[in-house]
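Chains as they are written, first to last, in the working numbering: chain A, 1 to 387; chain B, 1 to 387.
No lab work stands behind these hints, which were simulated from the structure alone.
This structure is a prediction, so every number in the text was calculated from the model and none was measured.
You may find that some hints are simply not true.
[Stated by the list, open to error] With the C-beta cut set under 10 Å, the calculated list includes, among others, these residues of chain B facing chain A:
(1) Gln70
(2) Ile145
(3) Val148
(4) Pro309
[Claimed, not checked] Where chain B lies over chain A, by a calculated footprint (3+ residues, C-beta under 8 Å):
(5) 12-19
(6) 59-71
(7) 135-149
(8) 256-268
(9) 308-320
Don't be surprised by glycine CBs; every beta carbon is placed ideally from N, CA and C.
There are 2 protein chains.
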Amino acid sequence: MGDSLLDNADLNAALSQLRNEIDDVDTALVNLLKRRASITQRVGELKRQHAMPVYVPEREKQLILARREQAEDEGVNPDLVEDLLRRIFRESYQSQHVNFAKVESDIQHVVVIGGKGALGRVFVKLLDSTGYTVSIVEKNDWDDIDSVVSTADMIIVAVPINKTVDIIENLPSLPKNCILADVTSIKDKPLKAMLDKHSGPVVGLHPMFGPDAPGMIRQVVVVCHGRHQETYVPFLEQMKLWGATLFESSAQNHDRAMSIIQVMRHFSSFVYGLHLHAEDPDLKELIAFSSPIYRLELAMVGRLFAQAPELYADIIFQDASNIVLLQNFADRFNNAIRLLESNDKASFVEEFKQVSAWFGDYAMQCLLDSKQMLLKADDSHLLRGGS
Amino acid sequence: MGDSLLDNADLNAALSQLRNEIDDVDTALVNLLKRRASITQRVGELKRQHAMPVYVPEREKQLILARREQAEDEGVNPDLVEDLLRRIFRESYQSQHVNFAKVESDIQHVVVIGGKGALGRVFVKLLDSTGYTVSIVEKNDWDDIDSVVSTADMIIVAVPINKTVDIIENLPSLPKNCILADVTSIKDKPLKAMLDKHSGPVVGLHPMFGPDAPGMIRQVVVVCHGRHQETYVPFLEQMKLWGATLFESSAQNHDRAMSIIQVMRHFSSFVYGLHLHAEDPDLKELIAFSSPIYRLELAMVGRLFAQAPELYADIIFQDASNIVLLQNFADRFNNAIRLLESNDKASFVEEFKQVSAWFGDYAMQCLLDSKQMLLKADDSHLLRGGS
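Could you put the whole structure together from the sequences, leaning on the hints where they help?
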């Protein structure tokens with residue numbers, strides 16, 4: 001190489017000089033983040049005072065586009081800039097959602113049954129910080145349920161899936177115009193139970209929260225209409241102001257989609273876990289041998305078993321139609337095994353192609369998205385099995 | 001609220017003033033990134049000249065720790081700072097890995113069979129940019145194979161899994177000290193074939209590359225030793241200099257782990273795809289109904305079907321022991337279905353707990369890692385099904 005080599009002392013001096021320069025840049029970066037946070041705080045405050053939504057996708061797009069163009073001009077990778085900005089956006093949403101404007105309506109006193117549960121807590125926090133009067137009812141408070149609901153403008157049932165219908169059926173009779181809502185991950189049975197129980201306004205909600213979601217910002221909430229929509233529209237508007245994206249559906253469609261997604265995936269992850277346990281490979285070695293994509297696949301199974309078995313038992317066992325669905329799944333599994341036993345590669349490829357056609361463009365999108373995700377995971381040394 | 005409200009004109013003025021301040025901050029951010037890149041370029045150049053590794057985990061840790069502390073002091077979220085730094089690190093690795101120092105050895109002329117394939121290309125690029133003489137052999141070049149290998153110091157077989165053993169068996173006899181290596185995702189059969197074929201140095205390699213991996217930096221490469229280790233140690237050192245982490249294993253252990261991870265996951269994703277296709281739900285609705293975690297699960301299935309069926313057929317059908325493994329999987333699946341049919345929740349919970357115990361702490365780590373991943377995916381609007 002035509003490069004002039006430095007002796008060790010000079011090399012170390014040169015390197016530490018450059019490292020100091022890097023430290024200066026990174027220090028300036030943290031200072032910038034601090035400055036940016038103080039500005040977005042003021043934006044958030046103004047928006048709250050004037051009942052403006054915190055999350056404005058259009059503004060996000062503009063910000064990113066402008067910085068991407070600047071990056072292009074200055075020879076910086078625009079994707080790097082976009083990734084950093086999006087991470088910074090998340091931060092500012094999380095800091096801004098402490099205060100929200102209250103939508104004008106007759107809804108003032110909201111009772112959250114199960115308000116100390118994971119999901120109930122989110123609603124309590126948002127309602128409370130938005131200026132609603134919130135009462136939490138947990139098991140121990142049930143004796144007072146009559147007096148609590150007597151002044152309620154809205155009741156939100158946020159209890160575990162296997163208790164939802166019971167709780168609804170055992171509610172005392174509610175004020176005529178009180179809104180009765182549930183937030184369970186199934187909708188058909190709870191909605192029917194609520195319509196039977198209460199002659200006033202009824203709505204079924206399913207907040208599709210991401211993990212550690214910053215409140216409701218950017219989260220999808222499925223709305224299954226029950227009765228007297230006009231009465232609870234303000235609450236739907238309130239959820240939009242909290243940042244939610246509403247998606248209307250019939251309870252039946254919702255539940256079928258849920259059993260296909262949730263139940264199928266939980267069950268096959270469960271069986272895969274059983275299988276690993278029975279084969280008993282060295283987990284550490286298994287992880288060491290896994291490329292990021294397989295560590296992710298393994299993590300999707302592993303994560304199931306860090307959670308409460310009862311929760312998954314309830315989801316899987318709660319509906320007989322799930323059993324039929326899973327029996328079909330088992331049949332297809334056994335048929336696929338026969339392809340292997342008869343060494344029928346051709347049919348495997350043929351069936352593979354049919355499924356590819358069914359997925360259409362979405363398959364490629366999944367491939368690209370998952371690649372991006374894995375790069376991000378790799379940045380943070382996630383899914384490295386502690387290695 | 002006790003806040004004084006502004007009229008529209010003043011509000012818009014105030015907001016656009018704050019937005020200009022945000023734009024200034026973001027502009028400064030891009031400038032910082034440009035400055036940082038120019039510094040790390042110089043670091044990379046110095047390191048190349050003096051044969052120093054580009055990826056130094058310790059230095060990474062120090063940088064992050066120092067900035068986290070600064071963030072704490074200034075009321076900025078340290079996790080935000082760490083996430084941004086790690087993304088910036090990836091960028092500088094990708095820009096730095098254009099030039100690497102060459103490890104001293106007798107290896108000069110390297111023949112990459114299948115050098116135009118996805119994996120072969122990575123080796124060709126790295127070898128070439130490091131100063132090795134690289135010859136690529138593809139199908140059409142096979143007539144010249146004798147003359148090409150006659151001067152080879154090393155041969156890397158980088159062809160599809162189902163052709164590897166054939167190619168090895170059909171190689172002409174190699175120079176006595178020529179290193180014969182393969183990079184297939186199975187190791188036992190190729191290693192045996194190479195040892196039979198060649199009496200000189202032999203090594204089996206499996207680079208566990210992540211998608212779009214920046215060269216070999218931070219990637220795991222499994223090494224299955226064959227013969228005359230001392231001869232190819234310099235090449236192992238070269239891969240370390242390229243940033244790889246080496247993991248030694250026997251070919252049998254490697255292959256068993258691979259069939260448990262790759263084959264099982266591919267096959268169950270394949271069956272799940274068959275099942276979705278047969279149930280034929282509205283995919284758009286399915287995605288809309290999915291919380292981020294289910295979109296990820298769906299994406300892990302969908303991505304399979306964006307790829308070549310033959311590839312997966314080869315991986316799954318290549319080894320009869322896979323069939324046994326999958327038959328066991330099917331048996332466990334059918335047993336689990338029986339739990340459902342007999343509505344035996346108690347046994348479901350019991351078996352669930354046994355698997356949780358088997359996973360141990362790793363289950364919780366999977367849960368936490370996947371949550372972090374989903375937050376990052378959410379930042380980038382990944383896995384949103386185009387919504």
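Need the list of violated hint numbers for this structure, in ascending order. Result: hints 2, 3, 7 break, sorted rising.
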